[in-house]
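Which chain is which? The protein sequence lines are A and B, in order. The first sequence begins at 2 in our numbering and counts up by one. The second sequence begins at 409 in our numbering and counts up by one.
Check each hint, because a few of them may be wrong.
Below, simulated BS3-like cross-link-like pairs (lysine-lysine); rule was C-alpha separation at most 30 Å, straight line [as the list claims (entries may be wrong)]:
(1) A:Lys33 <-> B:Lys577
(2) B:Lys740 <-> A:Lys103
(3) A:Lys126 <-> B:Lys416
(4) A:Lys126 <-> B:Lys682
(5) B:Lys746 <-> A:Lys103
(6) B:Lys744 <-> A:Lys103
(7) B:Lys532 <-> A:Lys33
(8) B:Lys596 <-> A:Lys15
(9) A:Lys155 <-> B:Lys532
(10) A:Lys73 <-> B:Lys577
(11) B:Lys532 <-> A:Lys126
(12) B:Lys542 <-> A:Lys15
(13) A:Lys144 <-> B:Lys532
(14) A:Lys126 <-> B:Lys423
(15) B:Lys532 <-> A:Lys73
(16) A:Lys15 <-> B:Lys516
(17) A:Lys10 <-> B:Lys532
(18) A:Lys15 <-> B:Lys532
(19) B:Lys747 <-> A:Lys103
(20) B:Lys577 <-> A:Lys10
(21) A:Lys71 <-> B:Lys577
(22) B:Lys532 <-> A:Lys150
(23) B:Lys667 <-> A:Lys126
(24) B:Lys577 <-> A:Lys15
(25) A:Lys15 <-> B:Lys545
(26) A:Lys126 <-> B:Lys683
(27) B:Lys532 <-> A:Lys71
For the record, the hints were derived by calculation from the structure and aren't laboratory data. From a predicted model like this one, the values you see are computed outputs, not experimental measurements.
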Amino acid sequence: MYQVGNLVKELSDKHGRMRESLMPILQEIVQKHNYLTDEAMVEVARELDISAAEVYGTASFYTFLDTQEKGKYVIRICKTITCSMKGKSDIIHTLEDMLKIKVGETTTDKQFSLIETNCIGWCHKAPAILINEMPYTELTPEKVSTIIKDYMQK
Amino acid sequence: MENKGLNKVDLIFEKIEPKEVLIKAFKMSSAEIIQNILDSGLKGRGGAGFPTGLKWKYTAAEKSSEKYIVCNADEGEPGTFKDREILERVSDKVHGGMAIAGKAIGAKMGIVYLRGEYRYMLLKLMIELDSFHKMIKEIGYDFNIEYRMGSGAYICGEESALFESIEGKRGEPRNKPPYPTVSGVFDKPTSINNVETLVTAMMIIQHGAKNFTQYGTKDSRGSKVFSVSGDTPTPGIFELELGMSVQQFVNVFGDGDTKAVQVGGASGFCVPRKKFAETIIGFEGVPTGGSMMLFNSSRSMYNVLHNYLDFFTEESCGQCTPCRVGCQQLLKGVEKVKKGEAKPTYLNELMKLADSMKIAAKCGLGQSVGNAFKSIVGNFREEIIY
Ligand SMILES: Cc1cc2nc3c(=O)[nH]c(=O)nc-3n(C[C@H](O)[C@H](O)[C@H](O)COP(=O)(O)O)c2cc1C
Ligand code: SF4
Ligand code: FES
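Next up, chain A with everything else stripped away, as it sits in the complex (with noise of 0.2 Å):
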């Protein structure tokens, strides 16, 4: 957990008060802390005076605004038809491997997820990840075990 603290009105001051401020402001919320608290929803509806069930309805709706605890960096594995036949079960073996974890878990220390998502437009270059933000493409397990190292050290 984490304490959003001025977050919520800084973020409000740069996107506005407004209804369609609403999205912009949970986004970077989550690019700052992977998930959405319900402290920050409530705090989001405080600002922008719409009611925490509107903040939460609509965060519900969209699967990267997860209200649900996350680590520090999200991995996304694709499932969607070119991925999987390209490779993504092997892919997602070695994650778990590493990590120590199944698919939708967390590592206690809080800082990987795993997630599965559908197609992110990288079909030609399958199979494919996101972690947070960051796209990584024809993968192998040697590869994604190299990636994933590298982010341990991080």
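Given the coordinates of chain A, work out where chain B with the ligands should sit on it, guided by the hints.
Using the frame of chain A, we list chain B with the ligands on its own:
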């Protein structure tokens, strides 16, 4: 039917001087720009294929001091990745196309809705947008573009869901009418166009409508960018003249053992080998927003269908029953048939369900689930059962 064969074209990624094209466009009247686009026969490149000139004409006809050009960069259709490449390589032409569209319909504001999966590009795009705004100012024209991000919802590519999302709400499609040309984002007249459509429109202004109509067929003018993936030795992005048959496509991109091509993504149609020769890729045959997925004989079409149904079940916004329940039933249904828990004839019931969804679903997502379902079950029934 006309068949143009497979020809590579270089229009979308062609290097041009955007400033010159814009100066040329801004000297034209709104009606002249629209006439050029109408004459070109350009149809939307996002999948639905609505004539772009008409869309602009209708939006131009609305009386409102506030109108919008929205660029749809949500690109969530499985197997599509051309809009990302276009934005990476020629964003100046995307922004330029928006300004030209703005001039045509009388809009001073443009919004690009970029899918959350492409956020890694945003920083670079912001720098390029800055230079674009500077250039527009130099020409002495008033047009401003903003970027809005999606957050991982395929349905937000549907135009009215996209507007809801820009407005800060759940991305649930609206009832139509009113159409976006009358009441779009912020309830203002809006022309929403795909990334590639806007670039193509700019190139039509650059080269003239005549130049464009020499490519393609009566129903599918010009060229378009294809996203090629799956069992192919040459996956990637290719700009091709419209009007080729699936066979001609497979001759170039297949691996020698192509069993089926899914044209138009999960919401498109599956073309089996025996229909390659007679099927034209375009609005007269199988339309596509660019997604071309090839499958060779080592692939199980059951797995393909299951993957698509799983996709739709997850991505359905859940707002209307035919789609929410229909997607789940189709998915469970094929699983049951596969496991032998339901008789193969149960597939006929499911085909009827897919038909009902086409009629009863509120938006294009639910309406098009049947495309893949019926064309895969219809052509590969044995693979679904055994
Ligand atoms: C479920 C669904 C998803 C869609 N996704 C996209 C998309 O990602 N990009 C796009 O340009 N059009 C998409 N469309 C089509 C848009 O609703 C709209 O027709 C299109 O943006 C219009 O632009 P065009 O006329 O230039 O093609 C989608 C439609 C549906 C029903
Ligand atoms: S058809 Fe599906 S995606 Fe479209 S409005 Fe209905 S439930 Fe939502
Ligand atoms: S199928 Fe994985 S990126 Fe498209």
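Quick rundown of the hints versus the structure:
1. A:Lys33 <-> B:Lys577: Status holds; Cα separation ~21 Å.
2. B:Lys740 <-> A:Lys103: Between Lys740 (chain B) and Lys103 (chain A) the Cα gap is close to 24 Å, so the pair holds against 30 Å.
3. A:Lys126 <-> B:Lys416: Judged against 30 Å, a Cα distance of about 22 Å means the pair holds.
4. A:Lys126 <-> B:Lys682: Holds, at about 29 Å.
5. B:Lys746 <-> A:Lys103: The given pair, whose Cα atoms are some 27 Å apart, holds under the 30 Å limit.
6. B:Lys744 <-> A:Lys103: Holds, because 27 Å separates the two Cα atoms, which is no more than 30 Å.
7. B:Lys532 <-> A:Lys33: holds, 20 Å
8. B:Lys596 <-> A:Lys15: Distance of about 25 Å is within 30 Å: holds.
9. A:Lys155 <-> B:Lys532: holds, 24 Å
10. A:Lys73 <-> B:Lys577: With Cα atoms ~27 Å apart, Lys73 (chain A) and Lys577 (chain B) stay inside 30 Å; holds.
11. B:Lys532 <-> A:Lys126: holds, 22 Å
12. B:Lys542 <-> A:Lys15: With Cα atoms ~23 Å apart, Lys542 (chain B) and Lys15 (chain A) stay inside 30 Å; holds.
13. A:Lys144 <-> B:Lys532: Roughly 26 Å separates the two Cα atoms, so the pair holds.
14. A:Lys126 <-> B:Lys423: holds, 25 Å
15. B:Lys532 <-> A:Lys73: holds, 24 Å
16. A:Lys15 <-> B:Lys516: holds, 23 Å
17. A:Lys10 <-> B:Lys532: holds, 27 Å
18. A:Lys15 <-> B:Lys532: Holds, because 20 Å separates the two Cα atoms, which is no more than 30 Å.
19. B:Lys747 <-> A:Lys103: holds, 26 Å
20. B:Lys577 <-> A:Lys10: Between Lys577 (chain B) and Lys10 (chain A) the Cα gap is close to 20 Å, so the pair holds against 30 Å.
21. A:Lys71 <-> B:Lys577: Given that 30 Å is the threshold and the Cα spacing comes to 23 Å, the pair holds.
22. B:Lys532 <-> A:Lys150: holds, 27 Å
23. B:Lys667 <-> A:Lys126: Measuring from Cα to Cα gives roughly 21 Å; hence the hint holds.
24. B:Lys577 <-> A:Lys15: holds, 19 Å
25. A:Lys15 <-> B:Lys545: holds, 25 Å
26. A:Lys126 <-> B:Lys683: holds, 28 Å
27. B:Lys532 <-> A:Lys71: holds, 27 Å
Taken one by one, the earlier hints all hold for this structure without exception.
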